[in-house]
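**Student:** Can you make the complete structure from the sequences, with help from the hints?
In case you want the letters, here they are:
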Amino acid sequence: MSEIIEHSITDQQDAKRLDTSLQFLSFTLGQEEYGVDILRVQEIRSWEPVSRIPNVPAYEKGVVNLRGAIVPIIDLRERFQLGHSDYSPLTVVVVLQARMADKTRIIGVVVDSVSDVVDVNKKSIQSAPNFGAKVSTEFINGLVSVNGRMVMLLDVDKLLKLDGLDGEDES
Amino acid sequence: MSIDMAQFHQVFFEESFEGLDAMESGLLNLDLGDVNVEDINTIFRAAHSIKGGSGTFGFTAVSDFTHVMETLLDEMRDGRRKITQPAVDVLLGSVDCLRDMLQSIQNGSEVDQSDVAEHKLALDSELNNAVPNIPSAGKQTAKASEVLSADDVKQIAGWVIAFSPHLHLLKTGNEPVRMFRELASLGKLTTTADLQGVPNLYDLDPEECHLSWKLEVSGDIPETEIDEIFDWVEDDCDLAKQPIYKTSTSSTQAEVSADIAIKPVTNSVAREISAEFTSTEESEANAVDRKNGKKEDAKAAPKGSSSIRVDTSKIDTLINMVGELVITQSMLSLLGEHFELNKLDQLKNGLSQLERHTRELQESVMNIRMLPISFVFSRFPRLAHDISSKLGKKIELKLVGENTEVDKTVVELLSDPLVHLVRNSLDHGIEMPDVRLAAGKPETGTVTLEAYHRGGNIVIEVTDDGKGLDKDKLRAKAIEKGLIDPDAILSDKQTYELIFMPGFSTAEKLTDISGRGVGMDVVRRNIQALGGNIEILSELGKGSTISIHLPLTLAILDGQSIAVGDETYILPLGSIIESLHVKEDRLNRVAGKGETFLLRGQYLPIIRMHQIFNVPTAKTTKLTEGLIVVVEGQGLRCGLFVDDLLGQQQVVIKSLEANYRRIEGVSGATILGDGSVALILDIPGLVRLSNQ
Amino acid sequence: MATILAVDDSASMRQMVAFTLKGAGYNVVEAVDGADALNKAKAQAFDCVVTDVNMPNKDGIELIRDLRALPNYKFTPMLMLTTEAGTDKKQQGKDAGATGWIVKPFNPDQLLKTIKKVMG
Chain A
1 MSEIIEHSIT DQQDAKRLDT SLQFLSFTLG QEEYGVDILR VQEIRSWEPV
51 SRIPNVPAYE KGVVNLRGAI VPIIDLRERF QLGHSDYSPL TVVVVLQARM
101 ADKTRIIGVV VDSVSDVVDV NKKSIQSAPN FGAKVSTEFI NGLVSVNGRM
151 VMLLDVDKLL KLDGLDGEDE S
Chain B
1 MSIDMAQFHQ VFFEESFEGL DAMESGLLNL DLGDVNVEDI NTIFRAAHSI
51 KGGSGTFGFT AVSDFTHVME TLLDEMRDGR RKITQPAVDV LLGSVDCLRD
101 MLQSIQNGSE VDQSDVAEHK LALDSELNNA VPNIPSAGKQ TAKASEVLSA
151 DDVKQIAGWV IAFSPHLHLL KTGNEPVRMF RELASLGKLT TTADLQGVPN
201 LYDLDPEECH LSWKLEVSGD IPETEIDEIF DWVEDDCDLA KQPIYKTSTS
251 STQAEVSADI AIKPVTNSVA REISAEFTST EESEANAVDR KNGKKEDAKA
301 APKGSSSIRV DTSKIDTLIN MVGELVITQS MLSLLGEHFE LNKLDQLKNG
351 LSQLERHTRE LQESVMNIRM LPISFVFSRF PRLAHDISSK LGKKIELKLV
401 GENTEVDKTV VELLSDPLVH LVRNSLDHGI EMPDVRLAAG KPETGTVTLE
451 AYHRGGNIVI EVTDDGKGLD KDKLRAKAIE KGLIDPDAIL SDKQTYELIF
501 MPGFSTAEKL TDISGRGVGM DVVRRNIQAL GGNIEILSEL GKGSTISIHL
551 PLTLAILDGQ SIAVGDETYI LPLGSIIESL HVKEDRLNRV AGKGETFLLR
601 GQYLPIIRMH QIFNVPTAKT TKLTEGLIVV VEGQGLRCGL FVDDLLGQQQ
651 VVIKSLEANY RRIEGVSGAT ILGDGSVALI LDIPGLVRLS NQ
Chain C
1 MATILAVDDS ASMRQMVAFT LKGAGYNVVE AVDGADALNK AKAQAFDCVV
51 TDVNMPNKDG IELIRDLRAL PNYKFTPMLM LTTEAGTDKK QQGKDAGATG
101 WIVKPFNPDQ LLKTIKKVMG
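Chains as they are written, first to last, in this note's numbering: chain A, 1 to 171; chain B, 1 to 692; chain C, 1 to 120.
Rather than coming from a laboratory, the hints here were simulated on the basis of the structure.
Think of the CB as a built atom: it goes at the ideal place given N, C-alpha and C, for glycine as much as any other residue.
Please note that the accuracy of each hint is not assured.
Keeping only pairs whose Cα atoms sit at most 25 Å apart, straight-line, the calculated SDA-like set for lysine to any residue is [as the list claims (entries may be wrong)]:
id: 1; chain 1: A; residue 1: 161; chain 2: B; residue 2: 657
id: 2; chain 1: A; residue 1: 103; chain 2: B; residue 2: 307
id: 3; chain 1: C; residue 1: 117; chain 2: B; residue 2: 231
id: 4; chain 1: C; residue 1: 74; chain 2: B; residue 2: 168
id: 5; chain 1: A; residue 1: 158; chain 2: B; residue 2: 662
id: 6; chain 1: A; residue 1: 158; chain 2: A; residue 2: 47
id: 7; chain 1: C; residue 1: 117; chain 2: B; residue 2: 167
id: 8; chain 1: B; residue 1: 408; chain 2: B; residue 2: 459
id: 9; chain 1: C; residue 1: 74; chain 2: B; residue 2: 164
id: 10; chain 1: C; residue 1: 116; chain 2: B; residue 2: 180
id: 11; chain 1: C; residue 1: 42; chain 2: B; residue 2: 168
id: 12; chain 1: B; residue 1: 314; chain 2: C; residue 2: 32
id: 13; chain 1: B; residue 1: 171; chain 2: C; residue 2: 45
id: 14; chain 1: C; residue 1: 42; chain 2: C; residue 2: 73
id: 15; chain 1: B; residue 1: 394; chain 2: B; residue 2: 537
Between beta-carbon pairs, the in silico distance windows are [as the list claims (entries may be wrong)]:
id: 16; chain 1: B; residue 1: 168; chain 2: C; residue 2: 57; range: 26 to 34 Å
id: 17; chain 1: B; residue 1: 362; chain 2: A; residue 2: 48; range: 24 to 32 Å
id: 18; chain 1: C; residue 1: 109; chain 2: B; residue 2: 85; range: 41 to 49 Å
id: 19; chain 1: C; residue 1: 91; chain 2: B; residue 2: 319; range: 43 to 51 Å
**Tutor:** What follows is the structure in structure tokens.
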């Protein structure tokens, strides 16, 4: 199953949403709930076998062929050290568009399950103190409460940086 | 209406660069002893076009510069000036200068004014030689304007014009009515036709003009405007005009005599009128020019975009193929809609058709990026000419196979390495004329650049009949530099290839022609980065040949699939020397130096693919049970220990770095038939990995 | 609407002339040299010819001479585009039957003005 959300990232669209609301896609990793800006989500796919890449961190599972493009798949659970879980037909890969300088990179992240697309008022987003969450607050844009649950909003662009995929390292 | 001229600039630049190339090759090929008029004409026309275009599009500096070149060439083509070698050299230098000027303007950078001034000076001094002083047109201009101003003192209220066209006027495409229309736009016009000259009906030739007119136009109209209207027909008519001046009395007509005798306009008057007009017209044109020039030169010219000229026939072929592809696709689509098992054969046919069309389309598209290698070769005649005269050597450059087609990227990346190789041949290969004669060779040395296709590769060879490579000297030098062991055994080929080792140079001093640290090692590295390789053949005293092999296209690779456990990797076919099962007695394990195996007298390092790529599912880790694939990359040879060789196929190279990262030992990725991704291996990277 | 034949071996000049004239509502056919122009003129009746002088494969002056020999081009306006400031080329052109000339470099407005002059 693969759902493609048709849109493209433009500054215009970002500007359009101005001050009022933010839409994000929420997903679960273990016990915790996260969200990513809906505009950064290209599609949602079920897990498919990847082609292994040698000598990379274990959470970089490999690459897949996405309609002709070579796209890396990253297990966020493992990345955030939440422990590995086995992949099943229910395992979901969220394909994200991350922006770096003037380049857009496409990466897929393995998550446990995908919940809803949630609309929140920007004003209700709180900043994230370092309260000992398992995930570093470096790339968390903020926290928001949805129906009594706490959702941590991830900054997709920073996620790329975190994974060292910005090309700035490499011996 | 104002038109944005900038839209024509790109075309102008392109055709100007082509024109400059034509000028350059024309000048180089001129046989001074027996000049072909048509050749000189071609060179002149190129300069003339550039001058015209640059003037029209507002590049005044270019126009002025080219004007001097054009003048020189004009005199040469008319036979008024002898074509001498110094003149040709000055023109060649000017072509370079002009090229630089246009490039600067095109990419919006500063024009080197001192360079321009220098060449202009050279052109001017060449122009001033051997040609008698002609009174410049400027003098006539001054005189004419004096005449003009004298008449301006009184204010003009109108003109009376006697206009008598010659019989043939109509046959020049000029039409009296249009002239009258123009006059009428200047002021109130009255015309009186004189039918005296009209013959009777039988003698009347309708194609001839038998009428003449008296025209009166009122208004404060300068004489120049009247002249402008009749400018084109001054030789084809008799024209007499008289101004009507304003006086204190309101009636001006009374001053003018009722009938004005139609006086045939004499030649001298005609010339004076034409000189007046010419000067006015020129100054007008110059004023426009200056205004345009200021506007255009001030704002940066649009940057040159990367473009490619494609033969329209290639595009037509492409369109046809896409058409066929669409047909096959709709056929398959239709088949799929109501598919039944009995239609299986049709499906198979359709799919194989699809495969064929797709392959053909792929070939066609790659073909579009193909350019004839003449694009690379074209700069060499000039290079050879300049270097040979600089060094005092006699050199003939031969180009063979200029039509051989290569991918555009190859053309771009091959230029510099080739220049270096040719310079080497010219500088170090070909001997001085006296040395050659003493050796029993012809005084003129020959350097041949040849290109041809062979087996999916393009081969480019630089051959010279110079002094060749001295194996002993090379070997001695390498030992001296510590690049090889004193007792190393090297084949001839390997000895010659010492030249490619970094830090190697047998030139006693680095001349500025081929030196400056651009070594052969850099050349080889550049060529290998393109997926190619380079070899040297030589014979002492006879000459050398350097061969470059490059894949025809860069985005497609001939690949050999290898299996390491469950993983499939692709090796570039060109990097594979051979594959073998190695026996225990050929293996050598040295503590601290890794594993090596013996192949034809040489010990090559073994790289365990399962180890460096961490493949847990490797079939075997015993060297004698797996396969050793001997590969070469960037001069390094080694044996890859793998499980199996799979098939060979052409693969499309896809970037791993676009979305992901660069992986050591991997040059790219490809998508296999089953949709999975296979990594394409990079030999030097693998070696580096194994050394860690 | 009137159709003009524009002849010049320089593509940028040709394009500029064609663009200018088309913008004013004329139909324009381009030719790359004198020989090309003559062929086109034989196949189609043009209302006006604008030609460069210096071209390979038949220059502008020879073209005009050849065109004037064709029965339907006896009275057609033919203009030379010339950078030659001297009267030489102009005279040669006139002798060949040219209607008039436009001096290069010219700007589009000058071109239009001159064309309107001969075409009406």
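**Student:** With reference to the structure, classify each hint as holding or not holding.
**Tutor:** Hints, verified against the model:
Straight-line distance between C-alpha atoms of residue 161/A and residue 657/B comes to about 15 Å, which keeps the hinted pair within the 25 Å bound. Our distance criterion of 25 Å between C-alpha atoms is met by residue 103/A and residue 307/B, whose separation comes to about 23 Å. With a CA separation close to 13 Å, the supplied pair residue 117/C and residue 231/B stays within the 25 Å bound. At most 25 Å may separate the alpha-carbon atoms for a hinted pair to count; residue 74/C and residue 168/B meet this at roughly 11 Å.
Distance check on the hinted pair: residue 158/A and residue 662/B sit about 19 Å apart at the alpha-carbon level, within 25 Å; holds. The suggested pairing of residue 158/A with residue 47/A holds, with an alpha-carbon distance near 24 Å, which does not exceed 25 Å. A hinted pair counts as satisfied when its Cα atoms are at most 25 Å apart, and residue 117/C with residue 167/B qualifies at roughly 22 Å. With a C-alpha separation of about 15 Å, the suggested pairing of residue 408/B with residue 459/B holds against the 25 Å cut-off.
For the hint linking residue 74/C to residue 164/B, the alpha-carbon distance of about 21 Å falls within 25 Å, and the restraint holds. A C-alpha spacing of about 14 Å is found between residue 116/C and residue 180/B, which places the hinted pair at or below 25 Å, so the restraint holds. The hinted pair formed by residue 42/C and residue 168/B meets the criterion: a straight-line CA distance of about 23 Å does not exceed 25 Å. For the given pair, residue 314/B sits about 22 Å from residue 32/C by alpha-carbon distance, which is consistent with the 25 Å threshold.
For the given pair, residue 171/B sits about 17 Å from residue 45/C by alpha-carbon distance, which is consistent with the 25 Å threshold. In summary, the hint linking residue 42/C to residue 73/C is supported, as the alpha carbons are separated by about 10 Å, within the 25 Å threshold. Between the alpha carbons of residue 394/B and residue 537/B the distance comes to roughly 23 Å, so the proposed pair stays at or under 25 Å and holds. Between residue 168/B and residue 57/C the Cβ separation comes to about 29 Å, which falls inside the hinted range of 26 to 34 Å.
Between residue 362/B and residue 48/A the beta carbon distance is about 26 Å. The supplied range of 24 to 32 Å therefore holds. One distance hint, 41 to 49 Å for the beta-carbon pair residue 109/C and residue 85/B, holds here, with the actual separation near 45 Å. A C-beta distance of roughly 50 Å is found between residue 91/C and residue 319/B, which places it inside the suggested range of 43 to 51 Å.
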